[in-house]
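*Asks:* Going down the list, the protein sequences come from chains A and B.
Be aware that the first sequence starts at 1, since it is given in my numbering, and climbs by one per residue.
Be aware that the second sequence starts at 1001, since it is given in my numbering, and climbs by one per residue.
The hints are simulated quantities; they were obtained by calculation from the structure and are not laboratory data.
If you're wondering where the values come from, they're calculated on a predicted model, not measured in any experiment.
Check each hint, because a few of them may be wrong.
Covered stretches of chain B (chain A as the covering partner; in silico rule of three or more C-beta atoms under 8 Å from a C-beta of chain A) [what the hints assert, rightly or not]:
1. 1068-1076
2. 1245-1255
3. 1382-1394
Beta carbons: idealized from backbone N, C-alpha and C, even for Gly.
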Amino acid sequence: MRPNTRWTPFFFILPALFIYSFTVLIPLIGTIGSSFTKWNGYGSPELVGFKNYIRALQDSIFLNSFKHVFIYVLATILLEVVIGLVLAGILTSRKGIEAYRIALFVPVLLPMVIVAVLWRFIFNADFGLLNGALEQIGFPQFQQIWLGDSRFALAAICIVSGWVYAGFYLAIFYAGLQRLPREVIESAALDGAKQNTIFWKIKVPMIRRLWEVAVLICTTGGIQGFDLFYVMTNGGPYYATEVPTTHMVRMVFRDQEIGYGSALAVLLTLTVLTIGLIYSKVRKKSEQVEY
Amino acid sequence: MAILAATLLGVTALSGCGGDSGASDKIIRIGMATPGEAGQKVWDAAIAKFKAANPDWDVELFIQDDDIYQTVGLQNLLTGGNPPDAYFEWAGARTAQREKDGYAADLNDLIANSTLKDLFPESAFNSGRSNGKALLLPTGSDVTNVMWYDKDIFGKLGINVPTTWDELMAACAKIKAAKQNCFSIGNKDFWVAGNFFGHLYSRIVGEESYHKIMTKEMPMNSPELVKAYGVVADLHKNGYINASANSIADNEGYTLFFKNGAAMLPIGSWLVSIAKEEAPTKNIDWFNLPAFAGGAGDQNSVLGVTTGYVINAKSKKINQVIKFFEAFFSEEITAAWVKEGSAPLTKAAASGDLNPLQKKLVDLMTSGGTIVAPPDTGYDLKVADALNVATAEVMGGAKTPQQALDDAQAKIANS
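Build the full structure now, drawing on both the sequences and the hints.
*Replies:* What follows is the structure, encoded as structure tokens:
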């Protein structure tokens, strides 16, 4: 059936366009606009050109926050994606351990703020579970101020993130591994390949698309990480766990620097988009058969 | 998240010009930090009293975590949809800023034309005034830093209440020798140590210099402040502060103290009601910050601030809000506040049966010592933040006083 007029299709997309404009497009343009102003959220914004961007590039806390977030991303690729992959491999190779799949997925269902609060109790240096356990098993010398020492705070957050999301990636990889053709695996086994070799040399390459997407989600999601950092350390101690999002929130909501915070948001958005685009390009170059 | 963040910022930006509390419903909205379990009961009683006299009206409380409310929360409430008709505030720079931004109504006439004028002594409104306008309906005068101590630990170790900083350090040496933390500080959000040491800095450099530093008339890395920070560095060096200080929140600091994890807790008057709820059998008392020999400031000064409720100038229900506060400050509800452990500033409270610890705190506020404004509620947040972060860095041994204050000064200069 042909539309009555050439405008008909546009009428159909109008509601979606309307919602998209008001929830994403206009605020996004507003953010870009206010990034060129000095504004505290009240009164009239003052146009300052690229001053906010220049300031951002000289802001050592903001620049260091990228260093922290990239460490976090690398750690979470290992703790979430790699461990999720290994766990999925273990769960698909053994019978009767499905309950573990559910158990490992449960943390994903918990709200991140609750997770952060729970782990704050675990890492509490004075009456937390971890230091208490170290004391009980005879290793008090290993007790630390986990969230108050810049050597450990970021690592502690990475561990919590891994605890939560390893189950998420496990679920993705588990589904992918289940779909692999059995004859390929059986042929390899008949040729004498061990489980370990079958997993790393055959199964993992065959689900390449999945782990490539997982790494992309982990990377872009990690750069935008906020809730764990905000609740567990709020960027502390002494900005040792400050990430771009916590710094941005502090600037906008605490210091009421809407203009500067907007510039930080734009820079963060550009970073995520750039990484996403580069990643897509690299992936396209190495297209493989998917199963 | 980045796009979401940008979107949220955009929404904030777009709503920034809004914040018009013009809803035509019959609901009074009040923004506040968490009042605690006992405080909530008094609020419920006040709302019930108001509703009994105004059956068509309702009261809705926007309650937020203390730190969130002070930093992010109130700002968002005021600029978002359905902003509060009244909200909790700290007297001083914050209230004046609200007035400047158009979010604080001038209460002079409203008080004069209501029973509020009879419920309060006239002087009660003074600390909430700005440019002659009464902006705050005061709920209390908080001493924001005194030294709470465990009387049992002090008794066991034969420690008398210190009157000088040197005596306090001698007490700490004894406490440390007994394998106890001297101070419990929950400084994750910076303001706890900020208040404690902010008071100490004012004692050492003098109130005038402290004020000049906080208002950027003097640089933060002034030699006198660097010297004052040396005292904090010494506390770190001697191991008198709980090692977890910068990783635990204020309430975790209280818990550490309540669970005998430290002999002293530098915090404000609100501990009276918290201790009543969480550690009713704990044998505690407090003393004001001891005198610092050779300090340039008033050695009897008090770190304090008046708190209360501001009525949103954009509210279209101001008269009804006043009616609510007439109920809120009535003799009946005042008695409930006193019973809860608070010290309201109404006339009825003055003749009421205050908790002895609370009464002592009220006496301290009126003792004649210079009232020093806390960094975070008395001054610009960015300056307070720079000072408090520097304090945390020195307290945690991450930087020397000079490094920390040079960085703080650079931060202020760049903002």
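*Asks:* Against chain A, does the stretch 1382-1394 of chain B show at least 3 residues with beta-carbon separation below 8 Å?
*Replies:* holds (count 5)
*Asks:* Count the residues of the stretch 1068-1076 of chain B whose CB lies closer than 8 Å to any CB of chain A, then report whether that count reaches three.
*Replies:* With 4 residues closer than 8 Å to chain A, the stretch 1068-1076 of chain B meets the three-residue bar; holds.
*Asks:* Using C-beta distances, would you say chain A covers the stretch 1245-1255 of chain B, given that this needs three or more residues below 8 Å?
*Replies:* holds (count 6)
The earlier numbered hints are all upheld by this structure, with none contradicted.
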